[in-house]
Amino acid sequence: MENKEIGILIVDDEASIRDSLVKWFRGDGFRVAAAGNAEAAMQLLVEQQWDIVLVDIKMPGMDGLELNRRIQEIDKDMIVIIITAFATVDSAIQAMKDGVFDYISKPIEPDDLNILIRNAVEKRRLTRENVQLRRKIDNLIASDYIVGDSPQMQRVLEKVAAVAQTDATVMIRGESGTGKELIARSIHSNSKRRYAPIITVNCGAFTETLLESELFGHEKGAFTGAQGSRKGKLRQADRGTIFFDEIGTISMKMQVDLLRVVESKQFTPLGSEKAVLVDFRIVSATNRDLEQAVSKGEFREDLYFRLNVFSILVPPLREREGDISILARHFLDHFAKSMSKPVHGISKEAMDMLNQYSWPGNVRELRNVIERSVVLCKNSEIGIGDLSFPFRFRSGQMTGDSIDDIEKAHIGRVLERTEWNISRASQILQIDRTTLYNKIKKYGLGNVT
Amino acid sequence: MNQRFLYIIPIEPFPDAALIGPLGRFLSAAFGDEIRVQHVLLDLRAAFNAERNQFNSSSILIELLRSGPPDAVRMLGVSDFDLFVPILTFLFGEAQFGGKAAVVSTRRLRDEFYGLNPNPQLLQERLMKESVHELGHVYGLLHCPVQRCVMNVSANVDEIDAKSVLFCRSCREELRCRRSAQP
Chain B
1 MENKEIGILI
11 VDDEASIRDS
21 LVKWFRGDGF
31 RVAAAGNAEA
41 AMQLLVEQQW
51 DIVLVDIKMP
61 GMDGLELNRR
71 IQEIDKDMIV
81 IIITAFATVD
91 SAIQAMKDGV
101 FDYISKPIEP
111 DDLNILIRNA
121 VEKRRLTREN
131 VQLRRKIDNL
141 IASDYIVGDS
151 PQMQRVLEKV
161 AAVAQTDATV
171 MIRGESGTGK
181 ELIARSIHSN
191 SKRRYAPIIT
201 VNCGAFTETL
211 LESELFGHEK
221 GAFTGAQGSR
231 KGKLRQADRG
241 TIFFDEIGTI
251 SMKMQVDLLR
261 VVESKQFTPL
271 GSEKAVLVDF
281 RIVSATNRDL
291 EQAVSKGEFR
301 EDLYFRLNVF
311 SILVPPLRER
321 EGDISILARH
331 FLDHFAKSMS
341 KPVHGISKEA
351 MDMLNQYSWP
361 GNVRELRNVI
371 ERSVVLCKNS
381 EIGIGDLSFP
391 FRFRSGQMTG
401 DSIDDIEKAH
411 IGRVLERTEW
421 NISRASQILQ
431 IDRTTLYNKI
441 KKYGLGNVT
Chain W
1 MNQRFLYIIP
11 IEPFPDAALI
21 GPLGRFLSAA
31 FGDEIRVQHV
41 LLDLRAAFNA
51 ERNQFNSSSI
61 LIELLRSGPP
71 DAVRMLGVSD
81 FDLFVPILTF
91 LFGEAQFGGK
101 AAVVSTRRLR
111 DEFYGLNPNP
121 QLLQERLMKE
131 SVHELGHVYG
141 LLHCPVQRCV
151 MNVSANVDEI
161 DAKSVLFCRS
171 CREELRCRRS
181 AQP
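Protein chains in written order, with my numbering: chain B, 1 to 449; chain W, 1 to 183.
The shape of chain W in the complex, shown without the other chains:
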């Protein structure tokens, strides 16, 4: 039987390597997948938009799928680049809905981005929430109207802080069904 590996791929340069270990343990508990951390050389030249000084998250997803480990059932790129899609000013993360790859950025999860003092614990918590949220989309979950559910949509850090790191009962059940139906 094939092992189910969820790869965490830190997108270099990633300044907070210490965030990755706890994130891996939490994702393993949340999704029941075996976690592997792997550094991959990605060519992100096409993703960079000089005019906006941001990286196109959809292009990063394409690159992850192209260059990611071949035995990855799912993978999460963790970056400190400021992400965007053409219609929006920024994104905390993006996922391939019902697919294989997701990417999250710590750039706008940091308090210092908003002129505040660094808060590593809060950053860790926000990263966990956004990672679970994007991987939830990879599993096919939609945004959830329950405010405390991790699948509730967040357009700013206050909204991320207001929700829990956990799935609501209905999303948990949905995830269970989808997990049993997927590889």
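Bound conformation, chain B alone:
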């Protein structure tokens, strides 16, 4: 923030004080104006945007303290500095109680005035930055919504809404790719902790030692290679949320350590003797059957109960009635926009194929398929030819008993096995390539390019 973007208003009944301050601040490049009394100042405050107001305490009519109270009513973030020639302890106490930034006696040392204004500008800059960041966070939250109209997803969202505002520990269950992290983020962004960070720890990605250092942090020289100290994820999540992804993969030793942290919200970084107290909310996720892991003795029961206070099960995509089409269109819009491609829709045949697929990789897989199809698409609409994914039909809808059904399924299996190598598939099927192409077209099978 440059000085010219900062507005300073001087309110003093003495013209010589006003003039010398105007001159002083103008030399620093600030936007400056002056008023001889509180009423004139109020007028300027209404007409223009100001950042810092220097107010003389003793003025005819409304005094400086009363003007400060009025200013705080208009803008509680405004920086008000009280100036006085007659400093008394009572007026200083009153000014501080009324939330003024500082209280100075005139004449002031040039050094002190410079430092005072530098601090005031810094505070104002931080306040503005804070407001802008909060606005940005709110915009990001608004754009990062969960897509899905199915009753199954609506139930999930109702649970998210119910638990977000509390500080309860949440366990999110569901198959890989169902969007567990998105649910965790949604809980965080709808909670009172949303302006603090959500820190993700992918428990499956670290060895036991690394995870320990990642979580708790370490001091310089705590172990070979620890050349500097490092703030752990738990500390980074202070006042926010910590999200343990793949919690089912952590070792027994880490389970003990984590249990201690969950219970006390306190931990000791590696190589340190000082315990650190942190305030975070825990959300964890797993695609593992934790109850079975508990019964087999692979997961501590006490930790399981600590983490599983409120449970949310995210359904697999194949069970989310009607969501495949909505998600496919959502991803299409997203990728078409980000790749600047004029692809506006998905053909009926292609959509039917998407709806029939079993989506073992869930939403993540659908997202990838749509991304690839937007890359490949040369028309305004994604067709069957643009879709490229392993050929697996949803079990139960896989085939009927007619010769055509059986032939379709068999050709599909061979194509999948040969990774869509048409020459090899036609050799295995003992038909020529043209016949195979015709059959692929007839049965509407996957990607032929």
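Keep in mind that the hints were calculated from the coordinates and are not lab data. A hint or two may mislead.
No farther apart than 25 angstroms at their CA atoms in a straight line, the calculated lysine to any residue pairs in the SDA-like style are these [claimed, not checked]:
1. K23(B) <-> Q96(W)
2. K106(B) <-> A50(W)
3. K4(B) <-> A15(B)
4. K348(B) <-> Y437(B)
5. K4(B) <-> F97(W)
6. K58(B) <-> P86(W)
7. K23(B) <-> L42(W)
8. K23(B) <-> R52(W)
9. K231(B) <-> N130(B)
10. K136(B) <-> D75(B)
11. K163(W) <-> E2(B)
12. K274(B) <-> L259(B)
13. K23(B) <-> E174(W)
14. K163(W) <-> A15(B)
15. K100(W) <-> N119(W)
Just so you have them, the derived chain B footprint on chain W, three or more residues with Cβ under 8 angstroms [stated by the list, open to error]:
16. 79-91
17. 135-144
18. 149-157
Note that beta-carbon positions come from the ideal geometry of N, C-alpha and C, so glycine has one too.
Following the hints, put chain W in place on chain B, whose structure we already have.
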């Protein structure tokens, strides 16, 4: 074509006449103006504040403008009086922003003011810096965030000593533009 004269006006009694010559040469090099030194009789009674035992620099500027040489395009009053403006305890100098007159004081530039031994060379250097700084304001330059630039604001002698006597690149360019636009 009118000659551009920058007048240096020693405000009497000024004890260090020897400072004026080198100051004039330096200002001529810094601003490209022709320098003239002229003693003028100023009436500073209104500028003196007996309670503070200081001179109001804004009042001195007014007097310089009233009594200064009529052919002065710009003028710099050099004084040994302790200067002030009502809101501040003291000033090293004051300028008419984008105007015609500036004033500097050697009083608080002297080491002896702070109980140290006199250092004439340091005094000369500080006077040059503050004179260029105030005349920079006369040319319309603002305070500069570059610490070494002569237009960086100084609230004490340590800060004056920390900066250079020269303009930074950006202030030099700004000065060049303003000089070509002004008389």
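**Ascending list of hint numbers which this structure does not respect** = Of the numbered hints given earlier, those the structure breaks are 14, 15, listed in rising order.
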